[in-house]
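**Q** Read top to bottom, the protein sequences are chains A and B.
Residue 22 is where the first sequence starts when you use this note's numbering, and the numbers rise one by one after that.
Residue 4 is where the second sequence starts when you use this note's numbering, and the numbers rise one by one after that.
Rather than coming from a laboratory, the hints here were simulated on the basis of the structure.
Every residue, glycine too, gets a C-beta built ideally from N, C-alpha and C.
Check each hint, because a few of them may be wrong.
Label-pair distances were calculated between CB atoms; the ranges are [said to hold, decoys possible]:
hint	chain 1	residue 1	chain 2	residue 2	range
1	B	GLU23	A	PHE81	32 to 38 Å
2	B	PHE17	A	GLN38	33 to 39 Å
3	B	LEU49	A	ALA59	28 to 34 Å
4	A	LEU32	B	SER55	33 to 39 Å
5	B	LYS18	A	PRO116	34 to 40 Å
6	B	SER33	A	THR124	14 to 20 Å
7	B	PRO21	A	GLY117	35 to 41 Å
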Amino acid sequence: ETGVTQSPTHLIKTRGQQVTLRCSSQSGHNTVSWYQQALGQGPQFIFQYYREEENGRGNFPPRFSGLQFPNYSSELNVNALELDDSALYLCASSPGDRVSRETQYFGPGTRLLVL
Amino acid sequence: AQRVTQPEKLLSVFKGAPVELKCNYSYSGSPELFWYVQYSRQRLQLLLRHISRESIKGFTADLNKGETSFHLKKPFAQEEDSAMYYCALRSGNTPLVFGKGTRLSVIA
Numbered sequence: 022e023t024g025v026t027q028s029p030t031h032l033i034k035t036r037g038q039q040v041t042l043r044c045s046s047q048s049g050h051n052t053v054s055w056y057q058q059a060l061g062q063g064p065q066f067i068f069q070y071y072r073e074e075e076n077g078r079g080n081f082p083p084r085f086s087g088l089q090f091p092n093y094s095s096e097l098n099v100n101a102l103e104l105d106d107s108a109l110y111l112c113a114s115s116p117g118d119r120v121s122r123e124t125q126y127f128g129p130g131t132r133l134l135v136l
Numbered sequence: 004a005q006r007v008t009q010p011e012k013l014l015s016v017f018k019g020a021p022v023e024l025k026c027n028y029s030y031s032g033s034p035e036l037f038w039y040v041q042y043s044r045q046r047l048q049l050l051l052r053h054i055s056r057e058s059i060k061g062f063t064a065d066l067n068k069g070e071t072s073f074h075l076k077k078p079f080a081q082e083e084d085s086a087m088y089y090c091a092l093r094s095g096n097t098p099l100v101f102g103k104g105t106r107l108s109v110i111a
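Starting from the given sequences, assemble the full structure and let the hints guide the process.
**A** Take a look at the structure:
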């Protein structure tokens, strides 16, 4: 059984640029959630996708968007990057369709630095 | 609003000493509480959840609704327990809300 994988492991961008982060769900999981973890903070929920549809969103602006593909892999896109977007971005997958019922399995994260 | 508070950023204990990592939450309904752990160079993983009422790696946590707490305890700390610990809450269809975490350092 393959766990959650994320790419890239880290990257550096400048303000105003756009970035795409990728996540492959654990085998058999059809739900993926994205979290932002700023330095010294706990993970903060960005949004969740189930079967290619967004079905939950945290308090993040529209420039944070996502996609889920038929194979249940996912992308997180951030436009017009700001310095405060510098963080570790975590992807988590779960087998069910409801955030409230399933254990989430986390990937190793992508560390983004915005200069 | 849901909130999870972990008052200690860092907790250092000696090997063999008891450990208690504090977690308080604010939510008026019936929340589900979790402890997640992140060992050095490893990914975030679920340690235990209150509905399971289980002991994992010697750790237990009891949900105290009166005090709105979910403290994590272990009677005898081991060096391999050194890690970052996060308390988290969710209720109904809401996503996980995490605390800021406590770094546990077990000194040999």
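**Q** Does each hint fit the structure? Answer for all of them.
**A** Results for each hint:
1. B/GLU23 to A/PHE81: 32 to 38 Å: holds (34 Å)
2. B/PHE17 to A/GLN38: 33 to 39 Å: violated (48 Å)
3. B/LEU49 to A/ALA59: 28 to 34 Å: Hint violated: Cβ distance 22 Å, outside 28 to 34 Å.
4. A/LEU32 to B/SER55: 33 to 39 Å: Between A/LEU32 and B/SER55, where Cβ atoms are some 38 Å apart, the hint holds.
5. B/LYS18 to A/PRO116: 34 to 40 Å: Taking Cβ atoms as reference, B/LYS18 and A/PRO116 lie about 38 Å apart, which means the hint holds.
6. B/SER33 to A/THR124: 14 to 20 Å: holds (19 Å)
7. B/PRO21 to A/GLY117: 35 to 41 Å: holds (36 Å)
Checked against the numbered hints given earlier, the structure breaks hints 2, 3 and satisfies all the rest.
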